[in-house]
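Trainee: Chain by chain, the residues:
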Amino acid sequence: MLRRMMWVGLAALVVFGMATIAQEPVTIEFWHAMSSGHQPNLQKLVDDFVAEYPYITVTLVYQGGYGTLQGKVDAAVVAGNLPAIAQVYENWVTPIESILYPIGNFMTDEEKADILDGLVASNTYNGVLTTVPFNKSIMVLYYNKSLVATPPTTWAEFYEMAKALTVDLDGDGKIDRYGTAFRPAANPEQFLIFLEQAGGSILNADWTEVTLNNDAGQAAAQFVGSLIPYSYVTSEYMSDHIKDAAMFVDTSAGIGYNVKAATNAGFELGVATLPAGPANYNSMIQGTNLAVFDTPNLTQAQKDAAVLLARFLLRAENTVFWAEKSGYQPVTKSAYNTEEWLDYVSSHDYQVPMSEQMLNAFAQILHPNYGDMRNVLSTGFEEIMRSVVPPLEGLENMAAEIEALLE
Amino acid sequence: MGGPTLEQAPATTRTESYYVARRRAYRLFLYILMLAGCAIMLLPFFWMVTTSFKTELEAMRMPPQWIPGTWLWQNYPDALARAPFGRYFFNSFFVSILSTIGEVFTTILAAYAFAKMRFFGKGFLFALLLGTMMIPGEMLLIPNYVTLVRLNWFDHYQGLIIPWLASVFGIFLLRQFFRSLPDELWDSARIDGCRRFRYLWTVVVPLSKPAILTVALLKFLGSWNAYQWVLLMTNSQSMRTIPVGLTMFSSDIGTEYQLLMAASVVAILPILILFFFTQKQFIQGVARTGIK
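Just so you know, the sequences run in chain order A and B. Take 2 as the starting number for the first sequence in our numbering and just add one per residue. Take 335 as the starting number for the second sequence in our numbering and just add one per residue.
No lab work stands behind these hints, which were simulated from the structure alone. Note that the structure is predicted; figures quoted are calculated from it, not measured. Note that CB positions come from ideal geometry on N, CA and C, so glycine has one too. Hints may be right or wrong, so weigh each one.
[Said to hold, decoys possible] Footprint (simulated), chain A over chain B, 3 or more residues, beta carbon under 8 Å:
#, segment
1, 394-404
2, 493-500
3, 561-569
[Unchecked claim] A short list of chain B residues far from chain A (calculated; beta carbon distances all over 12 Å):
#, residue
4, Tyr352
5, Leu377
6, Trp407
7, Ile431
8, Leu432
9, Lys456
10, Tyr479
11, Asp489
12, Trp520
13, Ala523
14, Val539
15, Gly556
[Unchecked claim] Just so you have them, the derived chain B footprint on chain A, three or more residues with Cβ under 8 Å:
#, segment
16, 66-80
17, 251-264
For reference, chain B alone in the conformation it holds in the complex:
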C-alpha cells in the first residue's frame, strides 16, 4: 500500500482562535437570523402603531408610508369616541376573566379524571370528547343561539360566559401534562391519608402551573378576541366587547385604517401587558406539553 500513513499526513493545526472565531461567526449568523425573524414578526405591529398616527390619506398609501408625515394624536380620541369603548373594555375583561377562571376549573377536573382515574368507558368517552373537536363551530352557532335564547340568556352575561366554561382542547392539553406526573406521588399522598380532591389541588395543580397557565392564557386570548358569538348573542351596546367595536371602522367598500389601528393599539395593550408578565410560564407550558 503506497498511501500516506497517519504519521505522514499533513498536520492541520487549528488553533483555539480558529474555533472561537467560528463560534462567533455562527452566533452572529444566528443573531442575524433571529433579528430578521423578529423584524418580520414585529413589522405588522410597527405598521399598526405608526398607522394609528397617520392621516387617512397616508394610511391608504400603497406602498405603505411607514412613518407618518405628522403624528396625528387626534386619531385616538376620534376612534374611541366612535363607540362606548370604556364599556366594551369592561365587558371584555369581565367576560374573559370569568370564562378563564371557569374553564380552568372544569378543565382541571376533567383532565385529571381522564389522566389519572380509572372508570368504565374512559377511553371511549375521551375519544368522544375529542370527536367533538371535529364539528365546525359554525354548525353549532345557530343551535346554540336558539338554545340560549330559549333559556332567556340572550343579551345577558350568562350567554357570553357559561357556554364557554368547558374546553375539549384544554382538557386534552392538561391531560397530556397530568399523565407525565409520576403515580408514586399519588401513592405516597394516599399513604399519608390524602384524598383525591385534596391531592389534585395541593399536589397536581401546583406541579402543573405552566400547563395550567397556558390553558388560561389561551382561553383569555380566545375570549378577548371573540367576535362572532358576542355579536350574535347581544344587541345592546352595554353588553358588547372590544372586537365588536373594532368592526365599526370597516364596511364592504373600505376601511378607516388610521382609526381602526388607533382602536386596535388600545385593544391589544392589556393582552400585551398580560403576556409580558406571564411569558415565562406561557413558553414553558407550551414547550412541556408539546403544543405549538
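Just chain A, with the same shape it has in the complex:
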C-alpha cells in the first residue's frame, strides 16, 4: 500500500513538474510588415492565441514594408538577434534555410495535409515542410464591367478583347484607354504567369538548366509581345491607373483599393479567373509565409511557442478571420468549407473566382538565387514591355543572365 502511494505521489509530482515546466512564462517576438489597417486584426489573432496559451507573450513588431523587413531579417541573421517568428518571402529564406526551424515536424499529418496544395511546395525544403503560409493572395483578372460583358477565358480571347478595347476616345491620335495594363518592374510575376500557362518554367525540375527560353518560354514572350500595343505600362499601383485599362492582372489583396478606384472612376469592377494559355490557367501565389528561426539567441521554449503560434494561425477559423478582414486568401482546404467562409463568399461574389484561382495556382521556386533571378525578370520584362528589346531577344537576355546565376 505504501509503495503504491509512493508511485502515485511520484506520478503526481512528475505531472505537476511537467505542468510547471510547460507553463514557464515565455516571450516571443513576431516581426511583420502589416500596415496599420491590418494591425488590429493581427493583434486580435495574437490576443486569442495568448488567451489559449496564457504562459506565452507575443510581441508584435512592425518592421515597415516588406523591403525593410527583409533588410532587418538579413541584418539580424548576421548579428544573431533574429526573432522567434517572422513573415518572410520564400526568396528571403532560401539562402538561410539551414537556420529555419522546421515547423512541419511539429504539426500533425492532418494539419499538414490541410494546407492548400499550391502552397506546400513553396514551403517545403528537402522534403520537410519548414515554413507555413500566412498572408497569401493570388493574381486574378480585374475588368471594367461597363466595357467587358464577359471576361476572356483564353489567351486568344484576351488578345482580341485587349485589341478591341484599346481606343483613342478623343481622336487626337493618342490612345486614351488601353485594353490591358502591366507593372513589369514591380510585378514580374505577370510574366511568370504567362510562362506557367504556356507550360514553361524558369528552370528544369532539378535546377540544373535554364528552361526560360524553351518553346513554352518563347510562346509566353511572343504572347506578351503581341499585347504591347494594347498595354498600358506603369510602375505604380494599378488602382492609380484604373481608368487607363479595361482589364488587368493584379493581386487579389488589392481588391479594396481597386474597387474604390473603380467607384471613383464611375464603373463597376469585375473579377475573373485568368484566361487560359496553351497548358493551363494557373496563377501565381503572392504574399508571405511564417518562418520560425533556429538560432542560438532563441531558447527551445521560444521556438516551441513560435511553432504553436504558426499552427494556431493555420486553424480554419483563424485563416478565415484573417482573410475576411485583410483581403488575403485562406490558406487551408478546410477553411474553404467552413460555414463562415461560405457565408462570406456568398455576400462577396468576387471571392468565387479568387477561391477557384487559389486552387489552381503555383508558387515561386525555392532556388537560393531566386531573388536575383526575380530582379533579372523584373528588368527584362520591363524592357520587353517598353519595347526596348524585341520579346524573343529580351527572353534570351533574361535566360543568359539567369544562367549566370546558376553557376
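With chain A fixed as given, assemble chain B onto it according to the hints.
Mentor: Okay, now just chain B, sitting in the frame of chain A:
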C-alpha cells in the same frame, strides 16, 4: 563716305516714362515667374493639406480633386490613433536635438583643425575623410548594425544618436567657411594672449553663425526624417520616431492617402516652425558657403 553723320542720325527720344514702364514690365515678368515657381513648389503642400481632409475615395481620385467635398477633420484623430505618435514625436525631437548638438560640436572642432591648423598629413587625412563620402550608406548598414548590436545599443537611444555625431559633409562645409576668415584675426588674438580653443569659441564660432546654423539645420532635418536606420536599430514602439509611424499607412497594395497626409501635416509642423524662425540664417549660410 556717303553715310549719315552722328548729327544727321534720327533722334530716338526715350523719355523717362519709357524706362519706368520697361522696368515695371520687367519686374512684373519677374514676379509672374516667381509666383509660378512658388505655385509649383507649394502645390504638393497644398495637395497634402487638402488631402488630409478628404474622404478615402476623394483622396484616390485621379485627376486629383483639389478641394475636399466635405472637410473631414476626423482624419486627424484617426491617423494619430493608428500609432503612438506622441511618443514618436518625443523621440524624434530628443534624437534630432541631441544628434544636432553633438554633430555641430564635433564638426566645429574638426573643421577648424582642417581649415586653420597645421599638422602632418592634413591634406591626406582630409582627402581620406572626403573619400568616405563615396561609400554608399547601404553598404555600411549591416556592419554598423552588427557593431551596435554587439555594443548592446540595439533598441536604445545610444544606437540612434551616437553613430551620427560626426558628419563629413558638415566638416567639409564648415571648413570652407572657416578658411574664408582672415588669419589676422588669429594673429591679433594670439598677441592678446588668447589660446586656440578660446579663439575658436569666442571669435570663429560667432563669426560663422550662418554656416553653423546651416549645418545644424541640415542635420536636424536629416535626423528628423531618418527612417531606415531607426527601423533597423529599434524594435519597441517606445523607441521609434515619426517617419516610422508614417509608413504604417502604406503597404505593397495601396496607401491610405488621407490618413498618411493627416499624419504628415502634423509631422512637418515642427520643421516648418523651425524653418520660419531660422530661414534668414539658413539662406545666408547656404549662400555664403556656396552649397546648393
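Trainee: All the hints need checking, so say for each whether the structure fits it.
Mentor: Outcome of the hint check:
1. 394-404: holds (count 3)
2. 493-500: Since three or more residues must qualify, the claim that chain A covers the segment 493-500 of chain B is violated, with 0 doing so at under 8 Å.
3. 561-569: holds (count 5)
4. Tyr352: Its Cβ never comes within 12 Å of chain A, the nearest being 45 Å, so this holds.
5. Leu377: About 18 Å separates Leu377 of chain B from the closest Cβ of chain A, which puts it past 12 Å; holds.
6. Trp407: Correct as stated: the minimum Cβ-Cβ distance to chain A is 19 Å, above 12 Å.
7. Ile431: holds (24 Å)
8. Leu432: holds (23 Å)
9. Lys456: Non-interface label on Lys456 of chain B holds, nearest chain A Cβ at 36 Å vs cutoff 12 Å.
10. Tyr479: Since the minimum Cβ distance to chain A is about 4 Å, Tyr479 of chain B lies within 12 Å and the statement is violated.
11. Asp489: Asp489 of chain B not clear of chain A: closest Cβ-Cβ about 10 Å, inside 12 Å.
12. Trp520: holds (47 Å)
13. Ala523: holds (49 Å)
14. Val539: holds (39 Å)
15. Gly556: Since the minimum Cβ distance to chain A is about 18 Å, Gly556 of chain B lies beyond 12 Å and the statement holds.
16. 66-80: holds (count 9)
17. 251-264: holds (count 8)
In the structure shown, a violation is registered for the earlier hints numbered 2, 10 and 11, in ascending order.
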